[in-house]
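S.K.: Protein chains in written order, with my numbering: chain A, 1 to 111; chain B, 1 to 112.
In short, the hints are calculated from the structure, not lab data. Treat the hints with care, since some could be wrong.
The calculated DSSO-like cross-link candidates involving lysine-lysine, where the alpha carbons are at most 27 Å apart (straight line), are [as the list claims (entries may be wrong)]:
hint: 1; chain 1: A; residue 1: LYS57; chain 2: A; residue 2: LYS14
hint: 2; chain 1: B; residue 1: LYS104; chain 2: A; residue 2: LYS9
hint: 3; chain 1: A; residue 1: LYS9; chain 2: A; residue 2: LYS57
hint: 4; chain 1: B; residue 1: LYS54; chain 2: B; residue 2: LYS104
hint: 5; chain 1: A; residue 1: LYS9; chain 2: A; residue 2: LYS44
hint: 6; chain 1: A; residue 1: LYS44; chain 2: B; residue 2: LYS104
hint: 7; chain 1: A; residue 1: LYS44; chain 2: A; residue 2: LYS57
hint: 8; chain 1: A; residue 1: LYS44; chain 2: A; residue 2: LYS14
hint: 9; chain 1: B; residue 1: LYS104; chain 2: A; residue 2: LYS57
If you want the footprint, here are the derived chain B segments under chain A, 3+ residues with CB under 8 Å [claimed, not checked]:
hint: 10; region: 42-53
hint: 11; region: 60-69
hint: 12; region: 98-112
Pairwise CB distance ranges (calculated) [to be verified]:
hint: 13; chain 1: B; residue 1: ALA17; chain 2: A; residue 2: LYS14; range: 40 to 50 Å
hint: 14; chain 1: B; residue 1: LYS54; chain 2: A; residue 2: VAL111; range: 37 to 47 Å
hint: 15; chain 1: B; residue 1: GLN14; chain 2: A; residue 2: ARG107; range: 23 to 33 Å
hint: 16; chain 1: A; residue 1: VAL60; chain 2: B; residue 2: ASN30; range: 13 to 23 Å
Since this is a predicted model, take the numbers as computed values, not measurements. Note that the Cβ used here is the ideal one computed from N, Cα and C, for glycine as well.
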Amino acid sequence: NAGVTQTPKFRILKIGQSMTLQCAQDMNHNYMYWYRQDPGMGLKLIYYSVGAGITDKGEVPNGYNVSRSTTEDFPLRLELAAPSQTSVYFCASRPVNTEAFFGQGTRLTVV
Amino acid sequence: GIQVEQSPPDLILQEGANSTLRCNFSDSVNNLQWFHQNPWGQLINLFYIPSGTKQNGRLSATTVATERYSLLYISSSQTTDSGVYFCAARRYSGGGADGLTFGKGTHLIIQP
Numbered sequence: 001n002a003g004v005t006q007t008p009k010f011r012i013l014k015i016g017q018s019m020t021l022q023c024a025q026d027m028n029h030n031y032m033y034w035y036r037q038d039p040g041m042g043l044k045l046i047y048y049s050v051g052a053g054i055t056d057k058g059e060v061p062n063g064y065n066v067s068r069s070t071t072e073d074f075p076l077r078l079e080l081a082a083p084s085q086t087s088v089y090f091c092a093s094r095p096v097n098t099e100a101f102f103g104q105g106t107r108l109t110v111v
Numbered sequence: 001g002i003q004v005e006q007s008p009p010d011l012i013l014q015e016g017a018n019s020t021l022r023c024n025f026s027d028s029v030n031n032l033q034w035f036h037q038n039p040w041g042q043l044i045n046l047f048y049i050p051s052g053t054k055q056n057g058r059l060s061a062t063t064v065a066t067e068r069y070s071l072l073y074i075s076s077s078q079t080t081d082s083g084v085y086f087c088a089a090r091r092y093s094g095g096g097a098d099g100l101t102f103g104k105g106t107h108l109i110i111q112p
């Protein structure tokens, strides 16, 4: 199993551009999450999904959108990138009632 | 939502020393995890421990759910233990967002 795979690992965007961060898991987990980590801080929840076709907002959803058309994939869309979205983004997944597993992260810089 | 507080925020130790990291949480939890974020930014699962005690080599963890705290013990520290240790908790009771709430972490530096 590859676990949770995020692409790309690094990206530089210009203000106003859009992009999609990809996340895929091969563990057949129902639950998937997107977090962001700002320098010197813990992770904050952006969006989550409890299964294909179901998504919901977390603590910091503004400026982002998600979709979950399959169990395996949970892409995060940034529209009109802003400098405040410069961060490291982590995707995670978990089965029912046990631990979450994280991808290696995507480091995004908006200039 | 649930609040998670970690202490100390920073810790500098000599190689071979032991340490205890603390995590306090504000409500009963369904999930509590400890992570190590290495210098390359990877989040490594250490323990899934909503209650009880677990050990894995030089690391062990204890969660006292009734008193709302968890402890991570590191014995005989090595330089490779350096990094940030995060505690994260999840409480889901049918309302609000489902996901882990992270503390701000303990930044551990092990000096040779």
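S.K.: Could you check the structure against the hints above and give me the numbers of any it violates, in ascending order?
M.R.: 11
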